Each structure stands twice: as C-alpha cells, then as structure tokens.
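Peer 1: So you can see what is in the structure, the chains are spelled out below.
Number of protein chains: 2
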Amino acid sequence: MAREIERKFLLKNQDWKPLAFKQTHFAQGYLNDISDHKAKSSVRVRIEGEQANMNIKSLEIGLSRDEYEYSIPLEDAQKMLNTLTVGPVIEKIRYLVKHDSHTWEIDEFLGDNAGLVVAEVEMTSEADQVPIPDWAGREVTEVVRYYNISLSKYPFKEWNDDEKK
Amino acid sequence: MAREIERKFLLKNQDWKPLAFKQTHFAQGYLNDISDHKAKSSVRVRIEGEQANMNIKSLEIGLSRDEYEYSIPLEDAQKMLNTLTVGPVIEKIRYLVKHDSHTWEIDEFLGDNAGLVVAEVEMTSEADQVPIPDWAGREVTEVVRYYNISLSKYPFKEWNDDEKK
Numbered sequence: 001m002a003r004e005i006e007r008k009f010l011l012k013n014q015d016w017k018p019l020a021f022k023q024t025h026f027a028q029g030y031l032n033d034i035s036d037h038k039a040k041s042s043v044r045v046r047i048e049g050e051q052a053n054m055n056i057k058s059l060e061i062g063l064s065r066d067e068y069e070y071s072i073p074l075e076d077a078q079k080m081l082n083t084l085t086v087g088p089v090i091e092k093i094r095y096l097v098k099h100d101s102h103t104w105e106i107d108e109f110l111g112d113n114a115g116l117v118v119a120e121v122e123m124t125s126e127a128d129q130v131p132i133p134d135w136a137g138r139e140v141t142e143v144v145r146y147y148n149i150s151l152s153k154y155p156f157k158e159w160n161d162d163e164k165k
Numbered sequence: 001m002a003r004e005i006e007r008k009f010l011l012k013n014q015d016w017k018p019l020a021f022k023q024t025h026f027a028q029g030y031l032n033d034i035s036d037h038k039a040k041s042s043v044r045v046r047i048e049g050e051q052a053n054m055n056i057k058s059l060e061i062g063l064s065r066d067e068y069e070y071s072i073p074l075e076d077a078q079k080m081l082n083t084l085t086v087g088p089v090i091e092k093i094r095y096l097v098k099h100d101s102h103t104w105e106i107d108e109f110l111g112d113n114a115g116l117v118v119a120e121v122e123m124t125s126e127a128d129q130v131p132i133p134d135w136a137g138r139e140v141t142e143v144v145r146y147y148n149i150s151l152s153k154y155p156f157k158e159w160n161d162d163e164k165k
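Protein chains in written order, with our numbering: chain A, 1 to 165; chain B, 1 to 165.
To be clear, the hints were calculated from the coordinates, so they are not data collected in a lab.
Any given hint might turn out to be false.
Pairs count within a copy or across copies, as identical chains cannot be separated in the list.
[What the hints assert, rightly or not] Heads up, simulated SDA-like pairs for lysine to any residue below, C-alpha to C-alpha not over 20 Å straight-line:
#1 K57 <-> A39
#2 K17 <-> K98
#3 K98 <-> W159
#4 K153 <-> D66
#5 K57 <-> I34
#6 K79 <-> E60
#7 K38 <-> T83
#8 K38 <-> E126
Nothing here was measured: the structure is a model prediction, and the numbers come from that model.
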C-alpha cells in the first residue's frame, strides 16, 4: 500500500500565482448523507476541469473498500451539484507550480471556503528534503481543520480570526 | 403529460405461465435513505435482464423532477445491490403474456416478496374494455399495499393471512 507523505502550508503572498503552469477547477459534493448511520456508501459527484464523474465508495471499515466510478456529462454534474447535494459543495481552483524538482499544488478555495489558500507538496519519503519556496508561509500539515473532510463540515467562513491566522 | 391507466390483478393459478413469450429478471434498490428528510434525490441501482443502470431522481415536489440515468456494468450493479443498498432490494421476474390485443405484465416477486404474483395490464383510456383472462383473479388496482413503493417498506413476507387473500 502506498502511503502519501505531504506537507501543507499557508501562503505569504500572491507571488506563486504568476508561476503556475496549470490551473484546474474542482467541485465536489455528496448526494447522500454520509454521516447517517444507515449509509453504506458515499455517493459523490466531482468536476475536475472539463471532466465529471460519479463515485460510489463503500463506507465499511476494513482493508478493502469497494469503489465504483463512472464518467458523467459535465452539465449533469453541474446541475446535480447545484440542486441535489446533501451538505456543502467543496469548490476550488488548483494551481500547479514547479519549485526546484517538486511540483506544488496550490488550492484556492471558493464558496464557503473562499479566502482559504493552501499549498501542498508531496514528498518521495519522510527523509525527502523539500526546498521551501519564499511564498510559502506557516506550515499546517498537522492542523486538522485544513483537511478536506473537515472543510466540508466546518468551512473557512465559520472560522474565527484566531483560526484563520 | 401521459397518465398511466393500469389495472392490477392477483392470479388464480399458474395457467398463464406457459403462455409467456418473454421473461426478464428485475432487481432494484436504493443507495441512499429516501425517507431521510435531508435527501434531495433518490439514488437507485436497477438490473433489467442483462442491462444495469444507475438512476438519480430529484425528490422535490413539483411539475418537473430532474432525472439522470447512466448505464453501468452488470457486475457492478450486482455487487452494489448485494452490499450497498439502504432498505430492501425488490427483485422479481417479469413475464409478458398476450391476451387478445393486450399484453399483460406478470410480476413474480422474489426475496422478501417471494410468493407474491401480480398481473398488470395497461389500458389505452379509462373507457378501454380489457378482456380479463381466465387465470386473472381478484382485482387489486386500488389496494395500496401492492404498490412497488409499499412493497419496499412493508414486504409480502410480513403480511398477515388476511392481507395475503
């Protein structure tokens, strides 16, 4: 099993933006209430650029989780995210920025998380020494409220000033 | 808007069975809890013969309900119906039987509704005089517990003897 090792940072300024070589619009939401104890799966609609898909994943605890994914028309996904989701839609623009040999993913959130910008870099191992760019601010790798799953329950717009620092 | 006018009957005996010119296996279930007040859509998986689809329908009250339907692999549908449904799977074999100029659909239910067999005939108008075959028994057109939506909440196996008559 592959383990993701990532570091996550806030941004000091907008200096990274002219360096982006790609940007993609992301939006996703759930059609079912995944916090309901009856739910046996999550039913997620996701838009990634011009592509859209529907993803069904079993919620059982265990080694393997069944997952099904189907491409669907972009217009269908847009309409479903606008009208049928339970809970908030997470929406963001993901920018890719190269710094030395590492590609950084910078997520500029929209909607209920507008104002939040987070940079992530993946390491090849825990020993990997990632050169930190000048535009990277405080590291928040360990701060749970920045996780995607947290943002869907406790979005940035509800954070107090201390939490936003 | 087209309005379905159907009559529904129980069966007196098995005399209809040799007359069937087609039979198709149906199975369907929901991935979300459609009785939950948070649900904005129903997410249904259906198998019809060798075809399978996923159907998402908005639950809003009103003139138009949005509906999305996607073909999915039969094996995916079988696995989802076995492991991910909320509430019972409705399963039946539908037989088609011609009588005079009308085609009758006879549903032989399986699973929690095993033992229930219902014949339906569609009329072209309320004035349409449908010739009733000898094998058709008591008419149950107006009896709510025979509706599909009722069977998924109160299946045949839970009916008492009076209800089964």
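Peer 1: For each hint, tell me whether it holds in the structure or not.
Peer 2: Consistency of the hints with the structure:
Taking the closest pair of Cα atoms, K57 and A39 come within 20 Å of each other both inside a single copy (11 Å) and across two copies (18 Å). Taking the closest pair of Cα atoms, K17 and K98 come within 20 Å of each other only inside a single copy of the chain (11 Å); across copies the shortest separation is 70 Å, beyond that limit. In this homomeric assembly, K98 and W159 never come within 20 Å of each other (Cα to Cα): the closest approach is 30 Å inside a single copy and 66 Å across copies. Taking the closest pair of Cα atoms, K153 and D66 never come within 20 Å of each other, the shortest separation being 24 Å inside a single copy and 27 Å across copies.
When the C-alpha separation of K57 and I34 is checked against a cutoff of 20 Å, the pair qualifies both within a copy, at 11 Å, and between copies, at 18 Å. In this assembly of identical chains, K79 and E60 lie within 20 Å of each other by CA distance solely across copies; the values are 14 Å between and 29 Å within a copy. Proximity of K38 to T83 under the C-alpha cut-off of 20 Å is restricted to the inter-copy arrangement: shortest distance 13 Å between copies versus 23 Å within a copy. For a Cα distance limit of 20 Å, the shortest separation of K38 from E126 qualifies neither inside one copy, at 38 Å, nor across copies, at 42 Å.
In this structure, the earlier hints numbered 3, 4, 8 are contradicted, and the remaining ones agree with it.
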